[in-house]
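Peer 1: Take a look at the letters that make up each chain.
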Amino acid sequence: MLRNQKRYKVISNKKVCANFFRLSLNAKFLLKKIKPGQFVHLRVSDGLKPFFRRPFSVFRAQKSLEILYEVVGDGTQILSKKKRNSSIDCLGPLGTPFSMPPKGIKQVVMVAGGVGVAPFLLLTDKLKNKGYDLILLYGGRTRGHVFSFKEFQQNGCKVFVSTDDGSIGVKGRVSKLFTKINLAKPTFIYTCGPKPMMASVQAFAKKNKIKGQASLEEVMACGVGTCLGCSTKTKHGYKTVCHDGPVFDLDEVIFQGGA
Amino acid sequence: MKLNVKIGKVQFKNPVTVASGTFGYIEKYCSPSKISQLGAIVPKTVTLNLREGNPSPRIVETPSGMINAIGIENQGIDNFLSEKLPKLTKFKIPVILSISANTDKEFVTLAKKVNNAKGICAIELNLSCPNLKKKQLVAQDAKATYRLVKAVKKVCKKPVIAKLTPNVTNIVEIAQAAKKAGADAVSLVNTFAAMAIDIKNRKPVLGNIVGGLSGPAIKPIALKMVYDIYRETKMPIIAMGGIMTNDDALEFLIAGASMVAVGTASFVNPNASIEILSGIKKYMKKNKIKDIKQLIGSIRT
Ligand SMILES: Cc1cc2nc3c(=O)[nH]c(=O)nc-3n(C[C@H](O)[C@H](O)[C@H](O)COP(=O)(O)OP(=O)(O)OC[C@H]3O[C@@H](n4cnc5c(N)ncnc54)[C@H](O)[C@@H]3O)c2cc1C
Ligand SMILES: Cc1cc2nc3c(=O)[nH]c(=O)nc-3n(C[C@H](O)[C@H](O)[C@H](O)COP(=O)(O)O)c2cc1C
Ligand code: FES
Chain A
-4 MLRNQKRYKV
6 ISNKKVCANF
16 FRLSLNAKFL
26 LKKIKPGQFV
36 HLRVSDGLKP
46 FFRRPFSVFR
56 AQKSLEILYE
66 VVGDGTQILS
76 KKKRNSSIDC
86 LGPLGTPFSM
96 PPKGIKQVVM
106 VAGGVGVAPF
116 LLLTDKLKNK
126 GYDLILLYGG
136 RTRGHVFSFK
146 EFQQNGCKVF
156 VSTDDGSIGV
166 KGRVSKLFTK
176 INLAKPTFIY
186 TCGPKPMMAS
196 VQAFAKKNKI
206 KGQASLEEVM
216 ACGVGTCLGC
226 STKTKHGYKT
236 VCHDGPVFDL
246 DEVIFQGGA
Chain B
-12 MKLNVKIGKV
-2 QFKNPVTVAS
8 GTFGYIEKYC
18 SPSKISQLGA
28 IVPKTVTLNL
38 REGNPSPRIV
48 ETPSGMINAI
58 GIENQGIDNF
68 LSEKLPKLTK
78 FKIPVILSIS
88 ANTDKEFVTL
98 AKKVNNAKGI
108 CAIELNLSCP
118 NLKKKQLVAQ
128 DAKATYRLVK
138 AVKKVCKKPV
148 IAKLTPNVTN
158 IVEIAQAAKK
168 AGADAVSLVN
178 TFAAMAIDIK
188 NRKPVLGNIV
198 GGLSGPAIKP
208 IALKMVYDIY
218 RETKMPIIAM
228 GGIMTNDDAL
238 EFLIAGASMV
248 AVGTASFVNP
258 NASIEILSGI
268 KKYMKKNKIK
278 DIKQLIGSIR
288 T
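If you read the sequences in order, they're chains A and B.
Each residue of the first sequence is one higher than the last, beginning at -4 in our numbering.
Each residue of the second sequence is one higher than the last, beginning at -12 in our numbering.
No lab work stands behind these hints: they were computed from the structure.
Ideal Cβ placement from N, Cα and C applies to all residues, glycine included.
Check before you lean on any hint, since a few could be wrong.
Stated by the list, open to error - Restraint ranges, calculated between C-beta atoms of paired labels, are given here: (1) Glu70(B) <-> Lys98(A): 27 to 35 angstroms; (2) Lys44(A) <-> Tyr270(B): 20 to 28 angstroms; (3) Arg218(B) <-> Ile73(A): 15 to 23 angstroms.
What the hints assert, rightly or not - Using 30 angstroms as the maximum straight-line C-alpha spacing, the simulated BS3-like pairs for lysine-lysine come out as follows: (4) Lys77(B) <-> Lys28(A); (5) Lys121(A) <-> Lys15(B); (6) Lys21(B) <-> Lys44(A); (7) Lys175(A) <-> Lys190(A); (8) Lys4(A) <-> Lys21(B); (9) Lys171(A) <-> Lys187(B); (10) Lys230(A) <-> Lys21(B); (11) Lys44(A) <-> Lys77(B).
All chains should be built: construct the whole structure from the sequences, respecting the hints.
Peer 2: This is how it looks when you write it as structure tokens:
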């Protein structure tokens, strides 16, 4: 009963670093509709295992619809085995996209944790050549958890990396990279990644009176705002991550156990 | 081919509907021409006042199913009637409104408010809501079920459907109480009480600790309950519980259901209800069944 449910052919599905895969779907008719921050809800198996669809941010939408994903469990394991020319039942694009930086902003900072970097490449595709200083602060567990900063650099984005084990970039949390932000410039922050990381971004933004947005994750069933299963607490009551989000204003989100 | 079925005085053009809490009309995504094909729509349970719902996480995936503890998050009846209902009535198919309350009196107040609402063709009493006084669900007690259905029937001009919980020893007894009190139909099953534990931190997965299991995992149990109630009461039944395909739906119809509701399946395949409807038609054609009524309760034992 939904307009945006279709099957798309797999063009390629490749391992791009130790922990991440890149899937490319032949979804031409979607490409123009997709906005940065939106996601697709994929049925990775036509059977009952796993039962739910799996949500993934759109990583790129140029010649094909691409997602960047990490294998963390059964669903993503099955996805990683999809062969060229097989097809996947896809719902999307779904969700509320990032809003563009407000007027007067000169510096756009993206703070990503691990595969949370996924929605930001598309964002830089939209924001490049518009006069912003684009900065990506990118934290990962190891070298195998950070990928594709070349494509960010091609979009004129400065990339700074931190890893928990120091195997690449600065050793430690991504918050160590906050010093790379030029606080003298009018700044807007986007963040996506583990909750504690986003909570630290929220605290930093609050302290420095910077506005921004966060892209959240919750386990999802329907993906379209029907089941009310993915609700998250915000300053304005419960909101669905799939429909009201996944993008929320940074100062609206309540990171439980976080800030 | 005749697909129409009747509950109380109301005719439905076909037996396929959706289960409460699993159908929400989102304009951005829905295809109106497809929704209009359904026999009826059943929106999420509405209460007298706004309910915020339970803390997250509210859902967890399980083998062939899911556990939910949404907590009947809704905006309250007045908001429903003024904001949501007009969007649903434009599909020109009957709306069955699911209501829930903490007391008999509140149920009656709700039923009265719905009496004059155009477009609502029947009321479904969600009796699986906590009865605060007894720490028990209404539909876990035959007497409480009888009393409540009777009270609502007294004031309600529209057909009344009692939605039963499967979390009982003898569901037939509850259905019989509802029938005796004048219920025009029963709908079943609501979810099975269930839980999941995260072994990494030994905490319950759901914010509400416990929830209700739905999806294909519960289908055979739900089917047996429908079979039992039909055999003993012959009353109209709206059946649900793990219906994913037309074969599932046909099993319920053959067991005695007058209508079938698609729930959890829609989350996985949003088109499931429409595919099930066309699958039922195909089956009837192939088996030369001219009227769906020949199929209902036609189990050969
Ligand atoms: C809007 C949105 C966008 C997303 N975008 C991406 C993306 O671009 N790339 C990507 O790799 N992943 C993304 N995710 C996360 C992705 O959906 C999950 O990693 C995936 O569903 C896991 O499925 P699985 O069966 O492999 O793992 P499961 O077996 O389901 O889970 C394995 C582990 O991951 C945890 N987990 C599962 N689902 C989630 C979730 N939604 N959020 C947080 N933890 C979870 C589980 O608790 C468990 O510990 C996104 C999630 C959302 C909500
Ligand atoms: C997320 C979710 C929300 C539900 N909300 C309601 C509700 O508000 N009222 C109600 O009567 N039943 C509710 N149910 C129960 C369903 O209507 C149905 O009875 C049950 O899920 C069994 O059918 P299924 O296995 O096809 O989903 C809900 C079920 C789910 C999964
Ligand atoms: S996943 Fe169903 S409301 Fe978000």
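Peer 1: Please flag the earlier hints that this structure goes against, numbers listed from lowest up.
Peer 2: 3, 10 and 11
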